[in-house]
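Residue numbers (my numbering), protein chains in the order written: chain W, 477 to 672; chain L, 477 to 672.
Hints are computed from structural coordinates only; laboratory data are not their basis.
Just so you know, not all the hints are guaranteed correct.
One copy or two, either will do: identical chains are not told apart, so a pair holds if it fits within one copy or between any two.
[Unchecked claim] Within a straight-line C-alpha distance of at most 20 Å, the following computed SDA-like cross-link-like pairs (lysine to any residue) qualify:
id: 1; residue 1: Lys523; residue 2: Glu653
id: 2; residue 1: Lys533; residue 2: Asn513
id: 3; residue 1: Lys533; residue 2: Arg508
id: 4; residue 1: Lys523; residue 2: Phe582
id: 5; residue 1: Lys533; residue 2: Thr522
id: 6; residue 1: Lys523; residue 2: Arg565
id: 7; residue 1: Lys533; residue 2: Phe552
id: 8; residue 1: Lys523; residue 2: Asp564
id: 9; residue 1: Lys533; residue 2: Gly611
id: 10; residue 1: Lys533; residue 2: Ala491
id: 11; residue 1: Lys533; residue 2: Ala509
id: 12; residue 1: Lys533; residue 2: Gly506
id: 13; residue 1: Lys533; residue 2: Trp548
id: 14; residue 1: Lys523; residue 2: Glu630
id: 15; residue 1: Lys523; residue 2: Arg649
id: 16; residue 1: Lys523; residue 2: His656
id: 17; residue 1: Lys533; residue 2: Ser489
id: 18; residue 1: Lys523; residue 2: Thr652
id: 19; residue 1: Lys533; residue 2: His602
There are 2 protein chains.
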Amino acid sequence: MAATQRRTGDARSAAERILTTASQLFYEHGIRATGVNTIAERAAVTKVTLYAHFGSKDGLVAAHLRARDQRWWAEFDEFLAGCTTGADRLRAMFDAYQAWALAGGFRGCGFVNAATELTAPEHPGHAIINDHKEGIRRSLEAFAAEAGCTHPAEAAEEWFLLLEGATVTASLRHSTEPLHRARRAALRRLDSASPQ
Amino acid sequence: MAATQRRTGDARSAAERILTTASQLFYEHGIRATGVNTIAERAAVTKVTLYAHFGSKDGLVAAHLRARDQRWWAEFDEFLAGCTTGADRLRAMFDAYQAWALAGGFRGCGFVNAATELTAPEHPGHAIINDHKEGIRRSLEAFAAEAGCTHPAEAAEEWFLLLEGATVTASLRHSTEPLHRARRAALRRLDSASPQ
DNA sequence: GTCGAACTATACAAACCTGTATGTATAGTA
DNA sequence: TACTATACATACAGGTTTGTATAGTTCGAC
Numbered sequence: 477m478a479a480t481q482r483r484t485g486d487a488r489s490a491a492e493r494i495l496t497t498a499s500q501l502f503y504e505h506g507i508r509a510t511g512v513n514t515i516a517e518r519a520a521v522t523k524v525t526l527y528a529h530f531g532s533k534d535g536l537v538a539a540h541l542r543a544r545d546q547r548w549w550a551e552f553d554e555f556l557a558g559c560t561t562g563a564d565r566l567r568a569m570f571d572a573y574q575a576w577a578l579a580g581g582f583r584g585c586g587f588v589n590a591a592t593e594l595t596a597p598e599h600p601g602h603a604i605i606n607d608h609k610e611g612i613r614r615s616l617e618a619f620a621a622e623a624g625c626t627h628p629a630e631a632a633e634e635w636f637l638l639l640e641g642a643t644v645t646a647s648l649r650h651s652t653e654p655l656h657r658a659r660r661a662a663l664r665r666l667d668s669a670s671p672q
Numbered sequence: 477m478a479a480t481q482r483r484t485g486d487a488r489s490a491a492e493r494i495l496t497t498a499s500q501l502f503y504e505h506g507i508r509a510t511g512v513n514t515i516a517e518r519a520a521v522t523k524v525t526l527y528a529h530f531g532s533k534d535g536l537v538a539a540h541l542r543a544r545d546q547r548w549w550a551e552f553d554e555f556l557a558g559c560t561t562g563a564d565r566l567r568a569m570f571d572a573y574q575a576w577a578l579a580g581g582f583r584g585c586g587f588v589n590a591a592t593e594l595t596a597p598e599h600p601g602h603a604i605i606n607d608h609k610e611g612i613r614r615s616l617e618a619f620a621a622e623a624g625c626t627h628p629a630e631a632a633e634e635w636f637l638l639l640e641g642a643t644v645t646a647s648l649r650h651s652t653e654p655l656h657r658a659r660r661a662a663l664r665r666l667d668s669a670s671p672q
């Protein structure tokens, strides 16, 4: 058992504690506004340990985005349980976003927020962000095809734009109503694009 | 004539130079990433002058957002020239966003970006951002009513979500294609919601 | 020709930032 | 018992941040 675990009673490894603390603070206050000193302190870890595990702040940012992506898909899987049709899964996608916006401290999409803060285009975070977004779009396209849409890629793209717009608007207005509206619009579009 | 104007050959007042410089840097690199030292230097002004005019960095940020809002409506007015119908004006809205995304250094909506960086909810910038967004939504609602939509508020809200989603996606993908797609989706929705 | 407004130049305070250097303590393993 | 991994504590380097204090300069208007 490591020294800090004894001291704090937190059984997780130092790396785990650093990552979850960083994820929280990066999302809540922004990446630039969160210093490594603060992260180390809140994770009950020394800065030396933080740098031993993640190499640099940028490394920690990248790890945070990877972890967030994994968490997102794991959570979405739960919403997918019990779905049998493409329409079901499309609804699940909007439900997942909504549940997430309903949780406390909602501040919009963490990936989009990170992308606006990471002004250096070569930052490794951008690749992770783009992969995440493309994964969502691809899922929507699969659901559209499954639901029998005549042009699945086009339907998916419009749903994707509605989702993104509703997420940022929900954040600005501190309301989940835009996500409800986007869901209704998406389902209406599904009805008009698929036979039956 | 002030000393600096002589030195730099820039006939604008110091306040004007500070504001345009700050607006550029805030949008290009982000608000937190841009220091007042850099702004003062690039505007060929001392920090003392900057603080005499704007009081604080937050004051300068608020002034920047106000100026950006004014610039946006002035530019949109040009796109509105020659429009005679609600549908025309709706198209003009999407065209304005598109033109703006086509300009060099596009990095998404400056208001949304600012909102994600201004994590303190009491920052005066948030009111300016919300007013700007509400102004856009209200314009869209007026266009929807003019075009004879049966439920103008609902149509406007969906167009708004498409616009927001397309803007952030255009930024992430470095492509204006999402804005084209959003425009097509908005016009299709207009056709199905208004008689004739 | 003097006054006031606007501006410059320089220097500083106090806090923060990322990252590293040095040395120590503990737990598990061979 | 010796070795290795992991983490600790402390201190520092070198730079940046916002904001202010002080004194001097330029220029137009009265």
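Quiz item: Okay, which hints does this one fail, numbers in order?
Solution: 1, 4, 6, 7, 8, 9, 13, 14, 15, 16 and 18
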